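Given the sequences, and given the hints that come with them, work out the whole structure.
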Amino acid sequence: MKEVPLKLLEPMKKGGPRQASRCEKMQSSRATILRAEVGGDKRKAVIEIGNAVVLPSGFALGALSTGAETRALIIWLDGKGGEKRVDLGRVHGAVEAPLLLAHEKELIVALTDNDAQFTTIRLARISEWKRKPQVTWGPEFSTQKDESSIVSMASLPGAVAGGPDLIALSWADYDKSQIRSQIKLVTLSPRSMMQVGEQRVISGSGEDAIAPRLQTRPGGVWATWLTYGKISTDSPVDSSLVWEPPRYLTTQKLGSTGAREGKALTLSSKNERVLVFDALSYGKDSLFVAFRETLPGHAWGTSPLRARLVGLDGSIRNFVFPNDKLGPGAPFILSSDKESPWLVSRGEEDRVLLGALDDEGAVRNFSLEPSIRGQIPLTRRGSELLTIEPVGLDLRLNLFRCLLDKD
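Oh and the sequence shown: position 306 is 306 in this note's numbering, straight run, nothing missing.
FYI, nobody ran anything at the bench for these hints, they're computed from the structure.
Predicted model only: the values in this text are computed from it and were never measured.
No incorrect hints appear here.
The list that follows gives simulated cross-link-like pairs (lysine to aspartate or glutamate, DMTMM-like), each with its CA atoms no further than 25 Å apart:
#, residue 1, residue 2
1, LYS25, GLU348
2, LYS2, ASP285
3, LYS25, ASP350
4, LYS284, GLU104
5, LYS176, GLU207
6, LYS284, GLU261
7, LYS84, GLU389
8, LYS105, GLU83
9, LYS184, GLU207
10, LYS80, GLU106
11, LYS263, GLU360
12, LYS25, GLU339
13, LYS184, ASP285
14, LYS25, ASP394
15, LYS230, GLU207
16, LYS25, GLU384
17, LYS145, GLU96
18, LYS80, GLU339
19, LYS184, GLU96
20, LYS80, GLU384
21, LYS80, GLU24
22, LYS263, ASP313
23, LYS105, GLU384
24, LYS184, ASP115
25, LYS184, ASP165
26, LYS132, ASP87
27, LYS2, ASP359
28, LYS105, ASP165
29, LYS145, GLU69
30, LYS338, GLU360
31, LYS145, GLU198
32, LYS338, ASP165
33, LYS230, ASP175
34, LYS80, GLU48
35, LYS270, ASP175
36, LYS25, ASP78
Listed next, with one range per pair, are the computed distances between beta-carbon atoms:
#, residue 1, residue 2, range
37, ASN114, LYS2, 41 to 47 Å
38, ALA68, THR257, 43 to 49 Å
39, SER192, GLY82, 27 to 33 Å
40, GLY283, ARG200, 24 to 30 Å
Glycine residues also receive a C-beta, built at the ideal position from the N, C-alpha and C atoms.
Encoded structure:
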């Protein structure tokens, strides 16, 4: 694939002029300290954060409070130090924090739990944040336990103008008889919290796929996932390393009912192994995907950061940051209504790189941001960036204002 090289702006040399900061901590906000409690005992509890979303009334985070038992939490923040928590109950085994999707003024939650045999995905809607939060439970879906517990959600625009929106939920379901996973999708009404239509398989026949990611687009959604490839018999194998098969990116357009439209597209080399990726609907009808990959059996700290801009017509633009000093950081993309998305990557020594996407999908002024070193960006609201910072067993949430020049 021919790739357009993008420049990683180098930091100032030691002893030279100080690098200008593009982010400043907001003076009007107060840092929020998140402390985990299990049975009133703070000493043995740890809090883990999942994704964060923006609501009209503030921010919401999915979290797990772990200790003698693990409980699923939703944490609401007003950005001024105020906090509310909704306890969704005890969960079991190794699970991810609740996944959140902002839908109008409400919050849609996907909660995973385990029993001896299956993983259960349970849906809920939470409303009335400013008063007493109201929880409305929806359907449950069972899936075979597998290495991939990742689920994804997206709003699915109505099939006709002014028609009701749906919520699309996707996950990887392991088929023991075929010894592979397939990507499943189901739709539900956010009003009734009831399933609409039947479950469908959106990955290809015979494909071994995991880690789906859904993104809303006009008239439907983009679905992106990881597909396992085959190990080449010509590849040299280092016996000191655990050899794993290649894993490449696949994306598929889905219509307003969740049905596949057109052919699936391959976005990365079938000979390498994609380790981490993030995706975002961009512009009117495009998809932007950023990822890190490496040859199977190789360390990934020196792998380049790559990106793809996929058009509705199937066209693909390829970008790469050839710099080998990024460190083993995972890329992720922060979006905000009517503003350019930001690409974020954690670099060496907890440094954070930030850049803005331009109208053609290229990332401009991608460089270190010294003011948020050690922070983990979660989400943004316009120029406001919500970050999290570990403080012992606790977590500190901070709000910064960032002004990124994409030109």
